[in-house]
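Colleague: Here are the chains, one letter per residue:
Number of protein chains: 6
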Amino acid sequence: MKAVCFGEIMMRLNPVGYRRFRQAEEFQASYAGGEANVAVSLVNYGIETAYVTKVPAHEIGSCVIDTLRKFGVDTKWVLRGGPRLGIYFVEKGASQRPSKVIYDRAGSSIALAEPSEFDWENIFKGSDWFHFTGITPALSENMAAACMDAVKEAKRQGLTVSCDLNYRNKLWSKERAGEVMSSLMPYVDVCIANEEDAADVFGIRAENTDVNSGKLDKEGYVSVAKQLVDRFSFKKVAITLRTSISASVNNWAGMLYDGEPHFSKEYQIQIVDRVGGGDSFGGGLIYSLMNGADADEAIEFAVAASCLKHTIEFDFNLVTADEVKSLALGNASGRVQR
Amino acid sequence: MKAVCFGEIMMRLNPVGYRRFRQAEEFQASYAGGEANVAVSLVNYGIETAYVTKVPAHEIGSCVIDTLRKFGVDTKWVLRGGPRLGIYFVEKGASQRPSKVIYDRAGSSIALAEPSEFDWENIFKGSDWFHFTGITPALSENMAAACMDAVKEAKRQGLTVSCDLNYRNKLWSKERAGEVMSSLMPYVDVCIANEEDAADVFGIRAENTDVNSGKLDKEGYVSVAKQLVDRFSFKKVAITLRTSISASVNNWAGMLYDGEPHFSKEYQIQIVDRVGGGDSFGGGLIYSLMNGADADEAIEFAVAASCLKHTIEFDFNLVTADEVKSLALGNASGRVQR
Amino acid sequence: MKAVCFGEIMMRLNPVGYRRFRQAEEFQASYAGGEANVAVSLVNYGIETAYVTKVPAHEIGSCVIDTLRKFGVDTKWVLRGGPRLGIYFVEKGASQRPSKVIYDRAGSSIALAEPSEFDWENIFKGSDWFHFTGITPALSENMAAACMDAVKEAKRQGLTVSCDLNYRNKLWSKERAGEVMSSLMPYVDVCIANEEDAADVFGIRAENTDVNSGKLDKEGYVSVAKQLVDRFSFKKVAITLRTSISASVNNWAGMLYDGEPHFSKEYQIQIVDRVGGGDSFGGGLIYSLMNGADADEAIEFAVAASCLKHTIEFDFNLVTADEVKSLALGNASGRVQR
Amino acid sequence: MKAVCFGEIMMRLNPVGYRRFRQAEEFQASYAGGEANVAVSLVNYGIETAYVTKVPAHEIGSCVIDTLRKFGVDTKWVLRGGPRLGIYFVEKGASQRPSKVIYDRAGSSIALAEPSEFDWENIFKGSDWFHFTGITPALSENMAAACMDAVKEAKRQGLTVSCDLNYRNKLWSKERAGEVMSSLMPYVDVCIANEEDAADVFGIRAENTDVNSGKLDKEGYVSVAKQLVDRFSFKKVAITLRTSISASVNNWAGMLYDGEPHFSKEYQIQIVDRVGGGDSFGGGLIYSLMNGADADEAIEFAVAASCLKHTIEFDFNLVTADEVKSLALGNASGRVQR
Amino acid sequence: MKAVCFGEIMMRLNPVGYRRFRQAEEFQASYAGGEANVAVSLVNYGIETAYVTKVPAHEIGSCVIDTLRKFGVDTKWVLRGGPRLGIYFVEKGASQRPSKVIYDRAGSSIALAEPSEFDWENIFKGSDWFHFTGITPALSENMAAACMDAVKEAKRQGLTVSCDLNYRNKLWSKERAGEVMSSLMPYVDVCIANEEDAADVFGIRAENTDVNSGKLDKEGYVSVAKQLVDRFSFKKVAITLRTSISASVNNWAGMLYDGEPHFSKEYQIQIVDRVGGGDSFGGGLIYSLMNGADADEAIEFAVAASCLKHTIEFDFNLVTADEVKSLALGNASGRVQR
Amino acid sequence: MKAVCFGEIMMRLNPVGYRRFRQAEEFQASYAGGEANVAVSLVNYGIETAYVTKVPAHEIGSCVIDTLRKFGVDTKWVLRGGPRLGIYFVEKGASQRPSKVIYDRAGSSIALAEPSEFDWENIFKGSDWFHFTGITPALSENMAAACMDAVKEAKRQGLTVSCDLNYRNKLWSKERAGEVMSSLMPYVDVCIANEEDAADVFGIRAENTDVNSGKLDKEGYVSVAKQLVDRFSFKKVAITLRTSISASVNNWAGMLYDGEPHFSKEYQIQIVDRVGGGDSFGGGLIYSLMNGADADEAIEFAVAASCLKHTIEFDFNLVTADEVKSLALGNASGRVQR
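Chains as they are written, first to last, in the working numbering: chain A, 1 to 338; chain B, 1 to 338; chain C, 1 to 338; chain D, 1 to 338; chain E, 1 to 338; chain F, 1 to 338.
Among the hints, erroneous ones may be present.
It does not matter which identical chain is used: a pair holds within one copy or between any two.
Claimed, not checked - Only pairs whose alpha carbons sit at most 30 Å apart, straight line, appear in this in silico DSS-like list of lysine-lysine: (1) K265 to K152; (2) K325 to K174; (3) K226 to K265; (4) K155 to K125; (5) K76 to K100.
Keep in mind the hints are simulated off the structure, nothing from the lab.
Please put together the full structure from these sequences, using the hints given.
Modeller: Below you can see the structure in the form of C-alpha cells.
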C-alpha cells in the first residue's frame, strides 16, 4: 500500500511553553503543514508515503527534507527552488486564553510553483491513495490548477482520493473557495471536514449547532454529511466533532458517514498541543480505510489517533498504530507502561 | 488620559516550570511589583502611564528601566541610585502543593529613598489618575511619608486616587498598617482589596467566609465593602473573590461596590501563573473607570482581565483591551484564532 | 533514629516536558531508584539514613554520590566499582497517552556485586530500620542472596524491616519472584504493596477490583492485606490505592492494615511527575512509624506525602515533614505562601 | 542632540551557539537591522533617537516596537500595517567555517510602504542628524523614493546626513545601486563604507587589497576615500578595515578621512557575534561626531565601540560610552570589574 | 555510486557546553559511531549509502533509525532487536583540560548479534564501496566473524574495501586486535589510521614522533605507511596528523600514501567539537576516491572536510562537498556568507 | 587530615554564556564564595573539610546546604537564621570586554551574625588547618571579631592558619583593611595574595609592575613576599601571577616564597570561567602543603589546579588531584581521554 500527499510545508515557530509572542526570546522550530502532517501519520502506521511539495534550495529548505526523511516520508518528489518557505507562528493558549496562529506564507516556493513542475504520472505510479486539503488550491491559481491535474491523474490511475476541506479565510474568499473546491470534489472519494468547513466552502450548514456554545448536535452533522454526499457523490464523509471547553480542555469525537452515520466515542482531552489535531484525524482515517477497516473501526481509530495527537508537542502525530488501537479499545487510563 | 503609579519594582526570580527552589539550577528573571504590574496593564490598554520608583544606578537597575520601557511605561520619573534592588523568589505550586514566595527586599533603593526626592508637583502635571498599594507605605517610614505627600498633591491637582490595600505581614504589623493606611485612606477614591485585606488592615471582616474552605459568601463581601465606604467615604470599593480549589485550579470573580454591589461572572481557571493576578484586576478596573465604563462593565472587564492574567507567565498581564473584552463578552471557549 | 536502605540507583533520563522519546534532543538527567527515593524522603523528614549500593568508579558514578550527598543521604556504604550504572528512560504521558519507562539496567555494578562485598554487621550498627524493595533481589541471584544476608543481620540486630513488593516483570518471572520473596518475607515487619503486587508475587488477589476501570473496592484491599498478614505474619501491611483517571489526573489514597484497616482520605491529583509516587508513600509511612505515629496518622502522612510527590519533578519527594503535615491536616487549597 | 534613523527592521533567527541550520530545533529571536542597530547604539550613548520604519499590525510587529522601546529608541514614527516582517537567519561560523546569513525579506511591510506615508517634515523637526544605509533604497523603488524625500527634507531642515553604503547584492544589481546611490549621495555629509562597498556601488577601488588575503593596504583605503570625496563632496568618509583571520578571530581597525586620513589602532578580536559589527562602527562614529569629537577621537571611539560589539551576542551594541572610552583609551586587558 | 558502512551506532550523551559530568543536569542526546559518521559524510556529499547495524526494537532504537534517515542514510539493513543500545558520554575539554569519553557499550544489540543475521550478498548488491573500522570486530567474536563474512563477500562482488584501524584499548587487547585485524587486512584496499593506530594494532611505529610533544615528523609517517603497504598490500594508506596544542586548539593535516606520500596543507583549528574528527577524514577521503580524485585532491578534500568537522557540534560532519572544496581551495578566512 | 574554612557563601547569578546583564532573561544560579571555593577544592582532593558560615532558614538557604553537601563539604557547623543570603551577579567578558561582578551582599545572615554564635573550640577539634580570607573580616565588625576569635583558638589548638588577603574595596577602605588585617596576620602561617592585595591592604608594593600592561616583574613579586614575611613572620607567602591578555586569554603562574622564591611554570589559558581562579590556587596550595609537598611541588600543583579552574564553569574547581598532577607533570595537550 502506498500513498501520496500534496501540499505546502512550512516552518512552524512557537514560543516555549505558554509564553505569548511578546514574551518570546526564542522559538521552537519545526516543519509541518496540513498534508505533511497526514503523510507523517501514514508512515508512522507503516504505510509508504511520498510527499509532493516545493521548498527553497537553501539550508532552511533542506531542514524540511531532513524532517520528512527523519520520520520516513519519501522525499523523492520534493522540488527544490523558489524564493522562500512559508512560516507560521503559533502561540499556545491556556484556560480562557485562546491559541493564536499568525501566518506568513505569501510568496512561498510552493505557491509560486508551476503546475507543470509536478510529474503526476510518475508520482502516482504504484500508489493507492492520494490526499490533499483545501489549503493547497487556496495557495495560488497555479496550485489550484496543480490540484486539478493531480486529482485527474489520480483517478486515471485508479487511486482513491481524499480531501480535507480545511477552509482558510486568510487565503481565499468563501466564494472563490466554493468555486474551486466544487470543481475538484467530483474527483474526491473521501471528504473530511470539521464542523465549519462545509458551511464556509459550500454553504452547507449543520443545523442547531453553535461552535462556541459547547453543544454539538449529532443530527446536524448527519444532515451536513448527507448533503455533501448528495451534492458530490462522495463515498464517505468524515466529520470531526470538537467541543472547546477551554484552550486547555476539549471534548473530541468524530463521525463517519457512508450512507449511515457512525459516531465514535467521545474523549475529554487535557491538551498539550492542539495544532495538527484535525490532520491526525485524517491520517488515522486514511490508514484505517487503506487497511480495510469497517466504518466503525475506522472512525474509532481516527478519533483515538487524533485524541493522542492533542497530547503531543508540535503538529506531527508521533504514535504507532498499536498505541492508537490500545486507546480505541478502551485503555484510556494513562497508566505507566514499564 | 494619563496615569501615575508609585511603588517598588523588584527582580523576580523563579525556577523553570514546576521545579522547587531546591531543584533550581537556573532562575527566570523578570522585574515586577504590585504597582508596576498595574502600570503595565494600563499601557497595554492604551493609557499613557508613568511609573515612579527608585532603582540602583548599576546594570541590574538598568534592566528595570529596560523592562518598563519595553512595555511602554514612561520611565522619566524613575530615580537612579541607592544600594540595591529588592528581589523575590517565586516557586510555582501545582495541585495540592502551594506556590511559595520568598522576599529579599529589605534595604532596597526605594525603601531608603527620601520623600523629598519625589517631585510630585511635576510628576502629576497633566495626569488623571494616581495608583499605589499598601505595599509602598509598608516599605519604610520614608515611603509612608512619600505616599502621604503623593496623595495630598494628587488630590490638590484633582487626580482620582486608587489604592490596593495589599497587606503584607512580612513588611509591617497589622497595627502599624492600620495606623498608616487609615491616615492615607481619606485621600483615596477607589479602594481595591482581596478577601483578607480589609480584616488585616482595618479589622473589617466578611462574615461567614473561610478562605480555605472554598466557599465564599456574597453577603459577606457586600458587608465588608459597605463598612469600608462608611469608614473612609470611598467612592468605590472593588473586591476580588478567589476560591482556591488547588494550586492548579482557582475560581475567580469580583465585586464592585458603589453603594450597590455589582458582581461579575465567575471563571474557573487552569492556572499558568497566579502571581500578579490581583494587580491585573486593579489594572483592568482602573482602565475601565478611566474610560467611563459603568460599574457592571468595569467589574466584568477587571475580572476578565485578571482571569487572562492567570494564563500568562510572570507578573505582567500582557493582553490587549480587545482580548479582555472578547472574554468579558462571553467568548471563553479558547478556540484557536488563526 | 537511623535508617538504612539497600538497592540499585540508576541514571534517569527523561525528555523535557511532554516530548516523546522520538522528539528528544536532550534528556534531563537525575539519579534515582525505588529504595534511594525512600532514603531521600527519610532524610528530608530529618531521619539520618544511609544508602547501600554499588556504582562505577568513573565520573557518572560520582554523580550518584553527589546526588545522594546533596540531599543529605549518608554515602559511606556506597561501593565503587563494576562496569556500569543502570539507566532508565522516562517519557511523561498526558491525558489519554500513558507514560513510558524503558529500562537499560542489565549488567549494572550493583547487579554484578558479590554478596560478600556488603558488611551488614557494620552497616546496621546503631540503626533502627532497614528498608528494601522487591526490585533488589530481582536484579540478580547475587542480590537475592545479599538481601537474605541483610534481612537476617537486620533482624539479628533488632531493626525493623520493611519491604515494598514492587514487582517488575522485566526483571524476573512471577514464579521466581514468588519463590525468592517468600523466603525473605519472614524477616519483614512492614509490607508495602500497590494494588497488583500481591497478586503478581504471591497470587493473592483483591477481589472485585479492576485497575483499569477506575473503580477500587475497599473490601478487596482489606482482604488482600489480611491474606498477606496471615501468610507472612507481617505486623503491618500498607497498600496504595491509585485510580488512574488519565495520565494527567489520578485519585490517590492508601490503607494501613494492622489487624484493622485504616483508610486515608483520597486526593485528586493533577500530576506533574508520577514516577516515584509509590516510593514516597513508603518513605512517608516509615517516617511516621519510626516516629511513633498511630495507624491513622501514619497512613494520612504517607498518602499526603505521596500526593505531594506527584506535584514534583523527578523521583525524589522534596518536601518537609511540615509541608506534609499541613496537607494531611486538610490544607489542600494550594494558596500562595508568602 | 537628536537623531533619526530610517530603514528596515527584521526578525533575526539564529540557532543556539555554533549549531548549523540543519541542527537547529530552536532559534533565538531578536529584531534588528542595519539602521536600527545604529539607532540603538546612539540611545545607548545618550542621544535621543527616533526610528522610522513600518511593521505589521500583528503581535510579531509589536515585538519590534517592544524591542526598540526596551533600549530607549523613540518609536513614535514607526508605522503599523502591511503584510509581513522581513526575516533573516544567521548561522554562526567558527574557525575555518564561515557564518551564513539567509535573507527572507521580500514583500515586507517597509518594502511595500508608500513614500507618502512618511511625514519627513514632522519627523525631522528638532533633529540634528539623519542616518540611513544603502539597504533602505535597495528594498524597493518606493523606498528609494522615500530615501530621496528624506535626504532632501533633512538637508532643508539643516540636519547632518550620514549614509553607510552597505551594498547587498541579493537586493539589487551593482548598476541599479550605482544609479540610485549616486543620486542620493549629493545630500550626504558623512559616508561610511567597508572595504568592498565603494567598488561594488561606485566602481571605486582600493588598489592592492585582497579581502581574503588578510593583507590590507592603508594606501589603498586612502585612495578610495579620496576618490569618494572627489566625486560626491562628502565632508567625511569613514572606512572599516577588517582582516578576517578566521570566523573566530578578526583584526579590526578603521580610518576616517576628512581631507587627511586618520587611522585607528587595530584590535585582534575573539569573536562572540560578528553581525552588526559594521553598524556599531557607524553608531560610534555618529555619536562622536555629534559630540564634537575631533577626527582622531571619533575614529578611535568608533573602532573601539565596534570592537566591543564583536564580543556581544546579537546585532545590538549594548555598551555605554564609558565602556567604549575605557577601551579606546587603551584598557584592553579584559580584567574583571568588581 | 553506492556505499555500505557497517558498525555500531550508539547514543551519545554530552553535558551542555563546557560543563563537566558532575555539573550536568541535562545531556544533549545524539546517535553516532565511527562508521555511522562516515555514512552521514557520504550522503552529505551525495553518495547513496546504506548503514548496517542492529538496534533495539524499542523507541530509543527508533531514534537511531530516525537520525540516520534524517540525514538520508538508507536504513533498510538496520536490524531491530536485542537488549540495548550502546551509550557513550562525552565531556568537552577546554584549554589544558582534556575532553573525556566514558563508554557504556557492553552488551549492545550489535555486539550480541549473530553473524548470520547479516545478508551480505543482498546488502552489497549494486554497491561500490564497503567501509568498516577496527571498532566493529572489537565488539565481540560474533562481530569479528561478521566482519570477515562482510569483507569476503565485498571482495567477491568487487567492492572497494576501506578500514579505519581505530584501535580502542577498552574493547580489546593489542594482541587480540593484531590477530583479528591481520586476518581482515588482506581484503582491505584503503587503510586509514591515526598516528597511534598502526603501532597499537600492528606494532608498526612512526619513528621520532611523540604525540604529546606537539611535534610531528613527516618522515615517520611515510615510514609507517610504507610498512603497512608492504605488509598488507594496501592500495592506499591515509594517515591523519593531529598536533594537539590544547583541548581548544589543534593543528590538523593528513597524508595519503599510494607508493608516494601526498601531504595536505595544515590547518590550525579553534575547536567546537573534536569527536568524529577522524571519521570525517575517512568520509572525505572515500568520497574523493569514489569520485576519481587524484591523490593530492583526495587528501586535501579529506583534511578540509575534517577541519570543518571540528567546528561543528556532535559527531556528524554536516557540510556539503561545495563547502569542503571552498576550504580546500584556500578560502579559510571565515568571512560571512550572505 | 581535616580542614576548616570560614566565610560567606553567596548565591551567584550569571546570565547564560556571553550575554550581558541587560540581555539576561534567565540566570544560572550557583552558591559560592572565596572560602567555600577553597573548601570544595579540598574535599575534591580528598581532605575532610568543614565549612563555617550562616545562611537563612528558608529554602534558598537550604540550597546552600545542598550545594556544600553535594560536593562533600561537612555542613555541621553551618548556622541557619538571619535575614538573607548575599548575592553576586557575574557577567562573563570576552576578548576586549571585561567581566563584571555586581555585589548585593549587604545585610546578609553571616554579616549580621554574632561572634558568639561560632563555637570555635568544638569546630576546630581534630582539625589541622584553618583557612579564611580578607573578605570575612570585611563583612562587618562582628565578623572581624569572629575572625579574631577563630585564629586565636586555631593557634591555641595548633592548627596551621592560612589567609588569602583578597582585598575588596566595595566592603571596606584600605585604611580599615590595613588595621584589621594587621591585627589578624600574627596568627597566620601562610599568606596568599594576588599582585595587588599586598599594596591595597598593607601598602607593600611590587616595584616595576603594571597590572594592565601585561608585563610582570618577577623581582617585584619576590620583593613583596619578602616584605610580607619581614613584617608578619609568615612561614610562607604565595602570590598568583596573572597576565591579562584579554578577557578570553590569560597567562597564569604563581610564586611560593619560603625564604626562597619558587616560581611555577606559566600557562596560557583560554578562559571558560575566570571567577574562583584565585581561590582554586589557594585550595591547591593548602592541599599540597597539608600533604607535605615541597615548595616546588606545592606551587606547581596550586598553579596547575587553578589553571584547570579557568576551564570550568562557575566558581568551584571540580577536578581531582590526579587531574591536577597530570597537568603539573606537563600533560597540557588536551588530548581526548577515552
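Colleague: Each hint: holds or not?
Modeller: Evaluated hints:
Taking identical chains as interchangeable, the C-alpha atoms of K265 and K152 are never at most 30 Å apart, the minima being 36 Å within one chain and 55 Å between chains. When the C-alpha separation of K325 and K174 is checked against a cutoff of 30 Å, the pair qualifies only between copies, where the shortest distance is 28 Å, while the shortest distance within a copy is 37 Å. Proximity of K226 and K265 under a CA criterion of 30 Å is satisfied intra-copy only: 21 Å inside one chain copy versus 40 Å between copies. In this homomeric assembly, K155 and K125 come within 30 Å of each other (Cα to Cα) only inside a single copy, at 12 Å, whereas the closest approach across copies is 36 Å.
In this assembly of identical chains, K76 and K100 lie within 30 Å of each other by CA distance solely across copies; the values are 27 Å between and 33 Å within a copy.
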